[in-house]
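S.K.: Below are the chains, spelled out letter by letter.
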Amino acid sequence: MGLSRESVGIQSLDRGLVIVKQDEGDRVVALAGNPNVGKSTVFNELTGMHQHTGNWPGKTVANAQGYCRHRDRGYVLVDIPGCYSLLAHSAEEEVARDFICFGNPDAVVVVCDATCLERNLNLVIQVLEAVPRTVVCVNLMDEAEKKKLTLDLELLEKRLKVPVVGAAARSGRGLTELMDAVEAVCGYGDVKPLVVEYPDYLEDAIKKLMPVVQELCPDWPNPRWLCARLLDADAGLLEALSQSLGVELMQEERLVYCLARIKGDLEQDEIGERQRKDDVAASFVKKAEEVCDGVVHCTVSSYNKRDRKLDRLFTSRATGFPIMLLLLCGVFWLTITGANYPSELLSKGLFWIEDRLLELAAGSIFPVWLTDLLICGVYRVVAWIISVMLPPMAIFFPLFTLLEDFGYLPRVAFNLDKCFQKCCACGKQALTMCQGKSGLRRPGVSHLLRALRFLFLSYTQSHLLPGAAARRPALEFPYRNAPQTH
Amino acid sequence: MKNMESLKKLNRGQKAVIARLESADDIRRRLQDMGLIEGTSVECVGKSPLGDPAAYLVRGAVIALRSQESDRIFIRYAE
Chain B
5 MGLSRESVGI QSLDRGLVIV KQDEGDRVVA LAGNPNVGKS TVFNELTGMH QHTGNWPGKT
65 VANAQGYCRH RDRGYVLVDI PGCYSLLAHS AEEEVARDFI CFGNPDAVVV VCDATCLERN
125 LNLVIQVLEA VPRTVVCVNL MDEAEKKKLT LDLELLEKRL KVPVVGAAAR SGRGLTELMD
185 AVEAVCGYGD VKPLVVEYPD YLEDAIKKLM PVVQELCPDW PNPRWLCARL LDADAGLLEA
245 LSQSLGVELM QEERLVYCLA RIKGDLEQDE IGERQRKDDV AASFVKKAEE VCDGVVHCTV
305 SSYNKRDRKL DRLFTSRATG FPIMLLLLCG VFWLTITGAN YPSELLSKGL FWIEDRLLEL
365 AAGSIFPVWL TDLLICGVYR VVAWIISVML PPMAIFFPLF TLLEDFGYLP RVAFNLDKCF
425 QKCCACGKQA LTMCQGKSGL RRPGVSHLLR ALRFLFLSYT QSHLLPGAAA RRPALEFPYR
485 NAPQTH
Chain P
-12 MKNMESLKKL NRGQKAVIAR LESADDIRRR LQDMGLIEGT SVECVGKSPL GDPAAYLVRG
48 AVIALRSQES DRIFIRYAE
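Chains as they are written, first to last, in the working numbering: chain B, 5 to 490; chain P, -12 to 66.
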């Protein structure tokens, strides 16, 4: 980053995202993928950043932008919030959709989880339908190997007709190949997007809509996709589309008329909005199933016996709660007793230094009130805080990280969900509660822990510490953005 | 329809096929995104100590569903 740095801003709709290029020739690459597939790890490995890229609704993509050089060319990587689908129904999915479809990235990388490829392909197919300049990065190949899954990536590549790269981002495996593929894809001219077959009535509707759309936006590279989305567009999508096309779509009489007629005809055949949406979603799932068929070979079941036994142990009626209590008590006990020794050492050391400082000050020209203020005031307080707080934190957090890496925390959420549901909250808050309690045992620690709670919670969703990439919690809640039912 | 039961009734270790989704829009979409559509096979792999939520194996991934959700998903048994 020199002084001659040139900033070229590409406004990505109204999201306020400004792509900062360092050079005219830099390429913009969007990193998309389901939540929890190691997108942030790929991003951090490529950009050399340790960016905290947690995802929660409303977080704009503007925060997650990084720069990487590959074979003498610069790439601006944009880390997009994790999403399962481009049929947006949450704030983060809208951000993802808008950037991928209308942000004009030079290429899109879709990061997938090798251990549950089929579900990830759902998003891949939706992206490919919209943006053909895409590279599929099958991440977590190391996890898949551990689970004895073999993936035929060549077959996948043949079916998707875009580069597919296997990777294990944690150890940096496959990332050079990934960037090579990105380079190749950026150079593509006009490529045909993947065609997803919809049910006949939707295909008919697309055919009817096509001439109108082609006339309205003759430059849009992918009219089929546009037609398919227009059939069930919500206000957000229409706005994004209008902005990106430079045409106020809903002011165009021909289009509005054509859409109304198609919908009217479909209603007459008793095909309502819900069924249309269901069928579109099902088309993607079926396509994913078709593409995935024969790609993944598992020598044992993907959810293998060992996992099953452990889950049974951690979540069954008889052993779930006792083990949870035992583990939490163990963590507290280790934290409290373990912290005593280093605490004592630290305070001894620090107060020995204080005595030396006082001796030094006594022989110096500084007035007594100043040395009192600095040494007996500031220094002593800092020394106390460090010796009391540092050891428990240094024990507690790694222990929790260990539990997280082991995938135990999602099981805690699973066990406690009902209790928290009753209190109109979600089981995920259990972690926060644990921390609050552990803090209360030790006066002083509670304040710091409270401040760190936010940090910790975001940390559980992503990997703040380099190298501490979380083992996948093979258990997911689909509720992340669903409204809480009380 | 005969033979239609809600997913909630599925016991640990039992397998079934999704017959119909009755979930409301928001959660419905999310379930579909996770590959839960008509014809998808599911297996209940565990219930939490209090019986709710339960974990299901769907297309190689394990997801947790609360009973208020699984109650609105209808299944038929494979055989």
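There's no promise every hint is true.
What the hints assert, rightly or not - From the structure, some residues in chain B lie toward chain P, with a derived Cβ separation under 7 angstroms: (1) 123; (2) 286; (3) 289; (4) 319; (5) 321; (6) 325.
As the list claims (entries may be wrong) - Ranges of calculated distance between the beta carbons of each label pair, as one might list FRET restraints: (7) P:25 <-> B:219: 32 to 38 angstroms; (8) B:226 <-> P:38: 44 to 50 angstroms; (9) P:37 <-> B:361: 18 to 24 angstroms.
In case anyone wonders, no lab produced these hints; they're calculated from the structure.
Note that CB positions come from ideal geometry on N, CA and C, so glycine has one too.
S.K.: Okay, which hints does this one fail, numbers in order?
M.R.: Failing hint: just 9.
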